[in-house]
Amino acid sequence: EQGIAYVPEDRGTQGLVREMSIRENASMAVLPNIAQGTFINRRKEVDLARNAINQLGIRAYSVNQIANKLSGGNQQKVVVSKWLASEPRVLIIDEPTRGIDVGAKSEIHRLMSELAVEHGIAILMISSELPEILGMSDRILVMRLGRIVAEFTREEANQEVVGTAMMSDDITAMAEGAD
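Mapped onto the working numbering, the consecutive letters of the sequence shown carry residue numbers 1 to 179.
Check the hints yourself; a few may be wrong.
Taking lysine to aspartate or glutamate pairs in the EDC-like style, the calculated list, with each CA pair at most 20 angstroms apart, reads [said to hold, decoys possible]: (1) Lys105 / Glu87; (2) Lys69 / Glu87; (3) Lys69 / Asp138; (4) Lys105 / Glu95; (5) Lys105 / Asp10; (6) Lys105 / Asp138; (7) Lys69 / Asp101; (8) Lys69 / Asp10; (9) Lys69 / Glu19; (10) Lys44 / Glu114; (11) Lys105 / Glu129; (12) Lys105 / Glu19.
Have a look at the derived ranges for each label pair, beta carbon to beta carbon [stated by the list, open to error]: (13) Arg144 / Lys69: 36 to 46 angstroms; (14) Asp10 / Gln36: 27 to 37 angstroms; (15) Thr164 / Asn41: 22 to 32 angstroms; (16) Ile4 / Arg144: 16 to 26 angstroms; (17) Thr153 / Gly120: 29 to 39 angstroms; (18) Arg50 / Met167: 42 to 52 angstroms; (19) Glu160 / Thr38: 15 to 25 angstroms; (20) Thr164 / Gly37: 14 to 24 angstroms; (21) Tyr61 / Glu155: 39 to 49 angstroms; (22) Ser62 / Leu141: 40 to 50 angstroms; (23) Leu134 / Tyr61: 32 to 42 angstroms; (24) Gly37 / Thr153: 48 to 58 angstroms; (25) Leu130 / Thr38: 20 to 30 angstroms.
The hints are simulated quantities; they were obtained by calculation from the structure and are not laboratory data.
All C-beta atoms in this analysis are idealised placements derived from N, C-alpha and C, irrespective of residue type, glycine included.
Make a model of the complete structure from these sequences and hints.
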């Protein structure tokens, strides 16, 4: 409703209903739009899932394939598809590539770039993987205990300065503990 969608870190327990199909998961966020009264329009639901499979490159044998039978990368794409169906202006993605293989990581990164550039969706990525942060971000904020402790543009950011900002409190705590 507000144009903000959230893809959680734990896709298995928070992002997907693993026992449901791609079709059911992909339509979950927009059920009021595809229902007629209390009945879900299956044709609209199937069309939505087929579009998600094609647009996001989800590898599945059918829209009726059960989500827990998909690879981690394809499960992540199903979670993203659910929220894209709601046409968000802002997509918050928490640890987008955690637990997926290298090939799927590059597909997720390509998808995020495409959503930002071609569809104008603002992507707010939460990640603890420094190479991912450096490779995907226009602007980097380092947070600790709910506060921004450092901010970098793409041009200012490198592994050393961002890594130091990420670890500075840990280093300070270790030094204080040694005293």
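Q | Violations among the numbered hints | A | 1, 2, 3, 10, 12, 15, 17, 19, 20, 25
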